[in-house]
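> Please construct the entire structure, taking both the sequences and the accompanying hints into account.
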Amino acid sequence: MRPLLLQGHERPLTQIKYNRDGDLLMTVSKDKVANLWYSHNGEHIGCYIGHLGALWTIDCNKTSTLVITGAADNTARLWHAETGRMLHTWELPTAVKRVEFSNDDQYVLMVTEERMGHKSGIYVFAIDISRPEQSNEPVVILRASGAKPTVAAWSFLDRFIVSGHEDGSLSLYDWRNEEVVNTAKAHNGIITDLQMWKDGTYFITSSRDMTARLFETATLNALKEYKTDAPLNTATMTPTQDLVILGGGQAASEVTTTSSRQGKFESRFFHKIFEDEVGRSRGHFGPINTLAVQPDGKGFASGGEDGLVRVHHFDPDYFKFKYDY
Amino acid sequence: MSVASKTNWADDVEDHQEFPSIEVISNADGTKTVVEHRLNEDGKRVRVTRKIQEKLVQEHVNRAVAERKKWAKFGELRSDGTMKANGGVATTIGEVVELRLSQYAAQMKQQEIDAAEAEKANAVKSSKILCRVCRGEHFTAKCPYKDTMTSAEDILGGGASAAAPAGAEDAKGGPNAYVPPHMRAGAKAFGAAGGRAGSLGAGDARGDRRDEHPTIRITNLSEDTLEADVNQLCRPFGPLARVFVATDRGTGYCKGFAFVSYYDHDSAEKAIAKLNGHGFDNLILSADWANGGK
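Protein sequences, first through last, are from chains U and Y. So the first sequence is residues 1 to 325, counted in the working numbering. So the second sequence is residues 1 to 294, counted in the working numbering.
FYI, nobody ran anything at the bench for these hints, they're computed from the structure. Check each hint, because a few of them may be wrong.
[What the hints assert, rightly or not] For lysine to any residue, the following SDA-like pairs were computed, each having C-alpha atoms within a straight-line distance of at most 20 Å:
{"hint": "1", "chain 1": "U", "residue 1": "Lys272", "chain 2": "Y", "residue 2": "Lys274"}
{"hint": "2", "chain 1": "Y", "residue 1": "Lys69", "chain 2": "U", "residue 2": "Lys320"}
{"hint": "3", "chain 1": "U", "residue 1": "Lys185", "chain 2": "U", "residue 2": "Leu220"}
{"hint": "4", "chain 1": "U", "residue 1": "Lys62", "chain 2": "Y", "residue 2": "Glu67"}
{"hint": "5", "chain 1": "U", "residue 1": "Lys272", "chain 2": "U", "residue 2": "Glu225"}
{"hint": "6", "chain 1": "Y", "residue 1": "Lys109", "chain 2": "U", "residue 2": "Met210"}
{"hint": "7", "chain 1": "Y", "residue 1": "Lys109", "chain 2": "U", "residue 2": "His40"}
{"hint": "8", "chain 1": "Y", "residue 1": "Lys69", "chain 2": "U", "residue 2": "Thr63"}
{"hint": "9", "chain 1": "Y", "residue 1": "Lys274", "chain 2": "Y", "residue 2": "Ser222"}
{"hint": "10", "chain 1": "U", "residue 1": "Lys320", "chain 2": "Y", "residue 2": "Glu98"}
{"hint": "11", "chain 1": "Y", "residue 1": "Lys70", "chain 2": "U", "residue 2": "Asn41"}
{"hint": "12", "chain 1": "U", "residue 1": "Lys322", "chain 2": "Y", "residue 2": "Gln107"}
{"hint": "13", "chain 1": "U", "residue 1": "Lys62", "chain 2": "Y", "residue 2": "Trp71"}
{"hint": "14", "chain 1": "Y", "residue 1": "Lys109", "chain 2": "Y", "residue 2": "Gly94"}
{"hint": "15", "chain 1": "U", "residue 1": "Lys320", "chain 2": "Y", "residue 2": "Tyr178"}
{"hint": "16", "chain 1": "Y", "residue 1": "Lys70", "chain 2": "U", "residue 2": "Leu220"}
{"hint": "17", "chain 1": "U", "residue 1": "Lys62", "chain 2": "Y", "residue 2": "Val65"}
Model, not experiment: these values are computed from the prediction.
Written as structure tokens, this is what we have:
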């Protein structure tokens with residue numbers, strides 16, 4: 001594999017995401033700018049400029065016409081994907097840590113931070129694609145009873161919203177009725193990432209407790225567990241092979257005290273079903289903050305604390321890999 | 001060319017030497033030869049000839065993706081007024097990284113970790129920790145032979161206890177513990193029992209595992225008894241791990257007792273039940289557990 005190195009950020013990456021067709025790659029970092037790239041050759045298309053604080057999260061709708069970003073300046077912004085024009089700004093009480101379009105692109109969820117006396121919550125806004133101005137009135141606000149949510153995602157058919165919390169628990173919301181349907185204790189540490197399988201029936205979580213787990217959405221039953229030796233920041237699943245990719249490493253604050261070899265800054269590949277580690281890919285000089293797999297399964301991208309995005313296109317060997325059982 | 005890096009005005013003259021424009025020759029076999037004149041890193045004029053073959057690769061994408069390929073660049077100007085495209089944004093091709101997927105990756109990693117740990121353990125070994133039971137490189141309290149070996153030491157008596165007792169130690173090969181051949185674990189046991197070490201080569205080889213086999217003691221054997229006789233006598237109850245007939249060193253006659261180890265406990269139990277009180281060579285044998293009914 002010869003990765004493409006995308007240098008467009010000066011600070012640690014916070015999230016990267018492919019669009020639905022997999023031809024675009026969106027990256028956000030703590031340096032106030034969101035970048036858009038072509039995924040096949042790494043060509044820079046443009047940047048979304050306007051935020052005043054570190055960016056935490058990005059998502060685009062299924063047709064790749066609208067982009068939403070969430071930032072530490074207590075706003076979420078809607079952008080015209082093609083031109084980079086800002087369409088709308090939602091003012092929220094605190095920083096926005098995670099945004100995600102619903103599967104039908106009618107709604108967007110935003111997870112806000114708990115800060116300055118404001119409770120954290122999951123805001124759901126309706127999106128009207130016919131005009132740039134959007135309603136500032138949330139459809140619902142979901143408040144967690146326990147620890148603050150850190151990540152959230154839409155379930156199958158947008159029936160539920162799943163959220164991962166700081167104390168390692170998961171909540172399943174029937175968001176239209178604003179009630180918690182189910183909760184489960186998933187991890188012993190903060191849940192750092194939660195990525196849905198494409199049909200929304202199960203999802204993977206990663207945690208600082210050095211494990212990643214697979215959960216069934218409807219019941220929150222734990223299906224699989226992947227154990228590593230480093231705190232994890234992100235986890236994702238590959239569509240063509242039955243693999244999961246985990247990324248992490250020591251906390252950024254401890255990086256300077258260890259060599260990069262000991263830092264465990266590799267993307268680790270685990271077999272999704274047998275829970276065995278099957279390979280690693282090196283490259284980053286710091287912890288991997290975020291991973292995304294191309295929706296057609298032909299590549300993946302990783303964003304690190306070192307400010308680099310590495311876009312990998314798998315070798316033919318990768319597709320020949322078979323697990324003997 | 002890097003005009004900006006030229007500091008000497010005299011070099012300017014050379015710069016004005018015009019390079020011939022790039023020459024492209026189409027070859028008959030469909031390749032192209034490109035001849036180019038330029039300055040290399042040392043500032044010397046070089047001619048670069050490259051032969052290239054152009055290959056058109058068609059890729060089918062859906063209409064939306066094709067449309068997006070025509071997107072114009074946007075947002076180049078950052079909020080602080082600098083051009084991002086020149087300063088910050090760059091796409092480079094990284095070094096090749098290997099991703100070899102193998103279902104044994106985890107095991108290989110484990111081996112690596114084990115090797116590292118073994119190295120660490122070796123480093124610790126240089127410190128003088130000596131087990132009083134088996135002379136191993138660990139604390140007496142943590143000795144795996146703690147229970148079995150102390151009893152062995154008692155049986156062997158004072159002289160033998162000075163030597164390293166167990167075969168376990170031989171297997172470990174402590175760094176500075178030379179044990180003379182006649183005092184090594186296998187020979188010692190036979191010597192204590194008064195037997196000939198040579199008569200039991202097979203048992204000797206498994207000496208380090210002896211304690212694990214269930215052993216019975218047969219007494220009241222006649223003087224003429226040979227190892228083969230005992231073998232024949234005990235064989236029907238199960239596979240034998242070891243047979244030892246105590247013989248007088250001077251005469252070579254049997255001293256009247258023998259030890260037989262079985263591989264499994266049930267066979268040994270059966271043998272005791274059958275042989276205890278069994279008539280053999282005009283004598284009534286008695287059989288029991290060798291180590292006091294354990």
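> Taking the hints in turn, state whether each one holds.
Going through the hints against the structure:
1. Annotation: proposed proximity of lysine 272/U to lysine 274/Y is violated, straight-line Cα distance about 58 Å (limit 20 Å).
2. A threshold of 20 Å between alpha carbons decides the hint, and for lysine 69/Y with lysine 320/U the separation of about 30 Å lies outside it, so the pair is violated.
3. Between lysine 185/U and leucine 220/U the alpha-carbon distance is near 9 Å, which keeps this suggested pair within the 20 Å criterion.
4. A threshold of 20 Å between alpha carbons decides the hint, and for lysine 62/U with glutamate 67/Y the separation of about 15 Å falls inside it, so the pair holds.
5. A C-alpha spacing of about 9 Å is found between lysine 272/U and glutamate 225/U, which places the hinted pair at or below 20 Å, so the restraint holds.
6. At most 20 Å may separate the alpha-carbon atoms for a hinted pair to count; lysine 109/Y and methionine 210/U meet this at roughly 17 Å.
7. The straight-line distance between the Cα atoms of lysine 109/Y and histidine 40/U is roughly 33 Å, outside the 20 Å bound, and the hint therefore fails.
8. Simply put, lysine 69/Y and threonine 63/U have alpha-carbon atoms about 14 Å apart, close enough for the 20 Å limit, and the pair holds.
9. Of the supplied pair hints, the one linking lysine 274/Y and serine 222/Y holds, its CA atoms being roughly 18 Å apart against a limit of 20 Å.
10. For the hint linking lysine 320/U to glutamate 98/Y, the alpha-carbon distance of about 15 Å falls within 20 Å, and the restraint holds.
11. Under the criterion of a C-alpha separation no larger than 20 Å, the hint pairing lysine 70/Y with asparagine 41/U is consistent with the structure, at around 14 Å.
12. Note on lysine 322/U and glutamine 107/Y: the hinted pairing holds, with a Cα-Cα distance of about 17 Å set against a maximum of 20 Å.
13. A C-alpha spacing of about 17 Å is found between lysine 62/U and tryptophan 71/Y, which places the hinted pair at or below 20 Å, so the restraint holds.
14. The straight-line distance between the Cα atoms of lysine 109/Y and glycine 94/Y is roughly 26 Å, outside the 20 Å bound, and the hint therefore fails.
15. The hinted pair formed by lysine 320/U and tyrosine 178/Y fails the criterion: a straight-line CA distance of about 55 Å is larger than 20 Å.
16. Between the alpha carbons of lysine 70/Y and leucine 220/U the distance comes to roughly 43 Å, so the proposed pair goes past 20 Å and is violated.
17. In summary, the hint linking lysine 62/U to valine 65/Y is supported, as the alpha carbons are separated by about 12 Å, within the 20 Å threshold.
Hints 1, 2, 7, 14, 15, 16, counting from the list given before, are not met by this structure.
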